[in-house]
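Undergrad: Using the hints, position chain B against chain A.
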Amino acid sequence: MTKKIAIYGKGGIGKSTIVANIAASYSQKYNVLVIGCDPKADTTRTLYGSRIPTVLSILRENKEPNPEEVVYKGYNDISCVESGGPEPGVGCAGRGVIVAMNLLERLGVFEESFDIIIYDVLGDVVCGGFAVPLREEFADEVYIVTSGEYMSLYAANNIAKGIKKLKSRLGGIICNCKGIKDETRIVGSFAERIGSKVIGVIPKSELVPESEIEAMTVIEKFPDSKQAMVYHELAERIYENEDFTVPEPLAMDEFEEFFKELKKRASDL
Amino acid sequence: MEPMSTCKLFGAIRALIGIKNTIPIIHGPRGCAYHIRYLLSVRSGSRIRICSTELSQEDVVFGAENKLKETIITVDRTYKPDLIPVLTSCSTSIIGEDIQKVARELKDEINADIIAISAGGFESDQSGGYEEVLETLIKSITIPKQTRGKTENPSINLIGVFRGGPDLLELKKTLKRMGIDINCVLTSGSNLEDIKNIPLAHLNYSFCDISGIIPCKILREEFGIPFVYYPFPMGFSNSLNFFKTLIDHFNLDYPLQREYDKLKPSIDYFRQKLDGYKAAIIAGPTRAIALASFLKELGMTPVLISIDLIGEYTLKELKWALGDAKPRVLIQPEVGEIEKFIKKEQPHIILGGLGESYLSYNFKIPVLDVMHGKELTWGFQGALSISQKIFNLIRSPSS
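Here the protein sequences come in this chain order: A and B.
For the first sequence, the numbering used here gives the first residue as 1, with consecutive numbering after it.
For the second sequence, the numbering used here gives the first residue as 270, with consecutive numbering after it.
So that you can see chain A by itself, here it is in the shape it has in the complex (with noise of 0.2 Å):
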């Protein structure tokens, strides 16, 4: 069976790196598909080496694509996707979203043999679009990325809202840290009060920014170093899960009771 897994949270949080770089640890073993459905594509860039054309602006050109044109192979043959989209301030990227995910249902890519199948979504649950990942024909589980600060655990309350109303379900909490005092105690209440778990703790690295630069994941361009590992072990706890829950997101009020007392308990200590 397929593991289909969708990973959500704040812009700029750092999904497309965690993604690319479990998707490269899930190559070592599986045949993996990553498709990107963020308007700004570059979720595979690590992947490919560079950026690759998206599907909306494919169809533009020629409305019956062959799957060879839309799906390129990257690092250690992963395929990859990119649905695309408008420029910002234009048009409608929810909708860029159902178009792509619906030609690539129609060019039969979801019917190849793939082990497991990666979505990477843009920041935040913000219209019908973007929850397509979240339906039933698509993806079966979803992780969400956070760090310690406020507006990225308000974007991961709101997407465990977005999950809960498409009754999906929610596998757990990716800390990604950002070097904030406390982070993985935060973030671990966090996912305890919404009624999941935190799965892995990626720790802030030079290494990502480095290997970025080549257009590499760390697990490319420094197999051997602890961050490396870090990847590894993430993948390989989300590939064991078995624990999944309905979220039970946080009201406006609470969440900021929550947080003050997060905060007053830090300085506390």
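Rather than coming from a laboratory, the hints here were simulated on the basis of the structure.
Be aware that a few hints might be false.
Derived pair list, reagent style DSSO-like, types lysine-lysine, alpha-carbon separation capped at 30 Å [claimed, not checked]:
id : chain 1 : residue 1 : chain 2 : residue 2
1  : B       : LYS408    : A       : LYS167
2  : A       : LYS3      : B       : LYS370
3  : B       : LYS585    : A       : LYS63
TA: Only chain B this time, still in chain A's reference frame:
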């Protein structure tokens, strides 16, 4: 800029309302349901039921899944339909309302069968709507049930017929006389049982160049049913060849030629009266081709043929139907282009639909509505009726 064809939603609705006891719900603002119902009621002369979730500004901003659920349940309880197709419109296709999920969730809560069709207007022209409905019906009703065996009598399915009325009745009667049953009409006048029983027929006949061919191919693949797609039974020789194709296919003993020969004096009469008159045809591909050869058969000259959309075989068949005639052919034209060439070619009559009636006021050229659901246009009787009407209009254009 001023198109002569329409959108996916229209095609989907038109195909769906042919199915008996079916009430489509359009998930969107009320205009889509109102305009499509208005147009189809006028064209068919029948009561047509199309419901809408009547979305407001707020609904589009916040999503309206619950409103859709409530509407489905109300339609199910109030009208007790056999089938509720739920369709997106432009707005709900853009905001990504998950109608498939709603259909799945309500399946066991309602008595009707339910299907969901993505029908945002921008997704395609009407042919995409026809096609998707026919494919969805085949894939969600016919294929899963896998009815085995064949009917005892020779029988055919008509694929891509969205107009019932006297035409279908006349065709059924004539075929019955020849010993051929119509097993299922996809979609006009069929019920869910008929659609389930599609595989029982021996032959499929595509009646629509833009939406009948692909379903016929799916049915050939899935159930091994062969298909034919030409000619369309409009006009004397088209009808003759239509019936002959079927009689030959089933190897039946029927005095078809004798029946046709009896019509010859009438055909000769009309030929003599109509010879040399110029005509314009404004239609879809299937009827345009049939009408072109029919007019030639009456000795008339088609000077302008406007076709809203074309299918895989349209141009090949048109070339064959036209023979040595050299009319101006407009494919997917703009409204203004048609007017320009009507003015230039000055036909004595225009064969079209209700949408063309204004041309008769503007250009003082009579228009014969050959698309109306209450007109008889198919088979030998249909050919006689059209010939008589053309004759009447040309002889006394004011009537």
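Undergrad: Look at each hint and say if it fits the structure.
TA: To see whether the hints hold, each was checked on the structure:
no. : hint                  : verdict
1   : B:LYS408 <-> A:LYS167 : holds (27 Å)
2   : A:LYS3 <-> B:LYS370   : holds (21 Å)
3   : B:LYS585 <-> A:LYS63  : holds (24 Å)
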